[in-house]
Amino acid sequence: MNEAETMPASLEVTREARLKWLIQQYGEKIFHLVSLTVKNHALADDITQNVFIKAYRHLDQFRGDGQIKHWLYKIAMNESKKHFRSWSFRNIFPTMDDHLGDLMDRQANNQVEEEILNRVKREEVVTYIQSLAPKYRQVILLHYYEDLSIAEVSDILSVSQEVVRTRLHRARKQLKETMSKEVKG
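Once you know that position 182 of the sequence shown is 182 in the UniProt record's numbering, the rest is easy, because the numbers rise by one and skip nothing.
Hints listed in this document are in silico derivations from the structure and should not be mistaken for laboratory results. Hints are supplied without guarantee of correctness; some may be wrong.
Distance condition first, Cα-Cα at most 27 Å in a straight line; then the derived DSSO-like pairs of lysine-lysine [what the hints assert, rightly or not]:
no. : residue 1 : residue 2
1   : Lys69     : Lys81
2   : Lys29     : Lys81
3   : Lys74     : Lys54
4   : Lys135    : Lys29
5   : Lys135    : Lys176
6   : Lys74     : Lys20
7   : Lys82     : Lys69
8   : Lys54     : Lys69
9   : Lys135    : Lys81
10  : Lys54     : Lys20
11  : Lys29     : Lys82
12  : Lys29     : Lys74
13  : Lys29     : Lys54
14  : Lys81     : Lys54
15  : Lys135    : Lys173
16  : Lys81     : Lys20
17  : Lys135    : Lys54
18  : Lys29     : Lys69
19  : Lys82     : Lys54
20  : Lys82     : Lys135
21  : Lys74     : Lys173
22  : Lys69     : Lys135
23  : Lys20     : Lys135
24  : Lys69     : Lys20
25  : Lys82     : Lys20
26  : Lys135    : Lys181
27  : Lys181    : Lys82
28  : Lys181    : Lys74
Taking CB as the label site, the calculated pair distances span [unchecked claim]:
no. : residue 1 : residue 2 : range
29  : Glu16     : Lys181    : 14 to 24 Å
30  : Lys81     : Tyr56     : 35 to 45 Å
31  : Glu146    : Arg85     : 50 to 60 Å
32  : Lys81     : Tyr144    : 11 to 21 Å
For every residue, glycine included, the Cβ atom is placed at its ideal position computed from N, Cα and C.
Please work from the sequences and hints to get the whole structure.
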């Protein structure tokens, strides 16, 4: 497992220690990615836990072909897809979580006025992104928020690079249309 190279040398190398390290390193990123994908804070908590449970169960099977972060993202996207295919998602409209911007807001160190304006802008962008269909929302989040290449997004979502490019193009087009409607309206 190649994450051992970046783990502190003093860390005991057990499966539990590796899991703890993975959660410390990637827990917040995975939660935020899932939260933006499923648009529900409580559900994102559950899915994030499932991601790390699945990772724990399959730690020994990680081949080390790519980065562990990408492996976790792939698990997160697959777990999110399971939610979208579930009976409860199809039959019960999920509620919007008021706390989606909280993780992004922790990073703000601006003056009060600037912080408020930045938060409003981020919340608007998050709202626009969340209005997209899940398949478009996923590529936007992975490509722009996680700063992954087309090839990496393709691998994580198990689709071709052309599909990723098409989804990005359509997502950007929808975002542009939605944002221009908001400005005009």
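These are the hints, each one checked on the structure:
Between lysine 69 and lysine 81 the CA atoms are separated by roughly 18 Å; this keeps the pair inside 27 Å, and the hint holds. For a cut-off of 27 Å, the pair hint linking lysine 29 to lysine 81 stands: about 18 Å separates their Cα positions. Of the supplied pair hints, the one linking lysine 74 and lysine 54 holds, its CA atoms being roughly 11 Å apart against a limit of 27 Å. Only pairs whose Cα atoms come within 27 Å are accepted, and lysine 135 paired with lysine 29 is accepted, the gap being roughly 19 Å.
Of the supplied pair hints, the one linking lysine 135 and lysine 176 holds, its CA atoms being roughly 17 Å apart against a limit of 27 Å. For the hint linking lysine 74 to lysine 20, the alpha-carbon distance of about 19 Å falls within 27 Å, and the restraint holds. A threshold of 27 Å between alpha carbons decides the hint, and for lysine 82 with lysine 69 the separation of about 20 Å falls inside it, so the pair holds. Simply put, lysine 54 and lysine 69 have alpha-carbon atoms about 14 Å apart, close enough for the 27 Å limit, and the pair holds.
For the hint pairing lysine 135 with lysine 81, the CA-to-CA distance comes to about 9 Å; that is within 27 Å, so the pair holds. Pair hint lysine 54 plus lysine 20 holds up; C-alpha atoms about 14 Å apart against a cutoff of 27 Å. For a cut-off of 27 Å, the pair hint linking lysine 29 to lysine 82 stands: about 19 Å separates their Cα positions. A C-alpha spacing of about 13 Å is found between lysine 29 and lysine 74, which places the hinted pair at or below 27 Å, so the restraint holds.
The straight-line distance between the Cα atoms of lysine 29 and lysine 54 is roughly 17 Å, inside the 27 Å bound, and the hint therefore holds. Taken as a hint, the lysine 81 and lysine 54 pair is honoured in the structure, with Cα atoms around 15 Å apart against an allowance of 27 Å. For the suggested pair lysine 135 and lysine 173, the alpha carbons sit about 14 Å apart, so the restraint of at most 27 Å is met. With a CA separation close to 25 Å, the supplied pair lysine 81 and lysine 20 stays within the 27 Å bound.
For the hint linking lysine 135 to lysine 54, the alpha-carbon distance of about 22 Å falls within 27 Å, and the restraint holds. Under the criterion of a C-alpha separation no larger than 27 Å, the hint pairing lysine 29 with lysine 69 is consistent with the structure, at around 10 Å. A distance of roughly 13 Å separates the Cα atoms of lysine 82 and lysine 54; the hinted pair therefore holds under the 27 Å criterion. In summary, the hint linking lysine 82 to lysine 135 is supported, as the alpha carbons are separated by about 13 Å, within the 27 Å threshold.
Distance hint between lysine 74 and lysine 173 is fulfilled; the C-alpha atoms sit about 25 Å from each other, no more than 27 Å. Between lysine 69 and lysine 135, the direct Cα distance comes to roughly 20 Å. Compliance with the 27 Å bound is thereby established for this hinted pair. In summary, the hint linking lysine 20 to lysine 135 is not supported, as the alpha carbons are separated by about 30 Å, beyond the 27 Å threshold. Pair hint lysine 69 plus lysine 20 holds up; C-alpha atoms about 14 Å apart against a cutoff of 27 Å.
Distance check on the hinted pair: lysine 82 and lysine 20 sit about 25 Å apart at the alpha-carbon level, within 27 Å; holds. Between the alpha carbons of lysine 135 and lysine 181 the distance comes to roughly 22 Å, so the proposed pair stays at or under 27 Å and holds. Distance hint between lysine 181 and lysine 82 is unfulfilled; the C-alpha atoms sit about 32 Å from each other, more than 27 Å. With a C-alpha separation of about 34 Å, the suggested pair lysine 181 and lysine 74 falls outside the 27 Å cut-off, and the hint is violated.
In this structure, glutamate 16 and lysine 181 break the distance hint of 14 to 24 Å, their C-beta atoms being roughly 51 Å apart. Checked against the given bound of 35 to 45 Å, the beta carbons of lysine 81 and tyrosine 56, roughly 20 Å apart, lie outside it. Between glutamate 146 and arginine 85 the CB atoms are about 23 Å apart, so this pair departs from the stated range of 50 to 60 Å. Distance hint for lysine 81 and tyrosine 144: a CB-CB separation of about 20 Å, consistent with the stated range 11 to 21 Å.
When each numbered hint is compared with the structure, violations occur for hints 23, 27, 28, 29, 30, 31.
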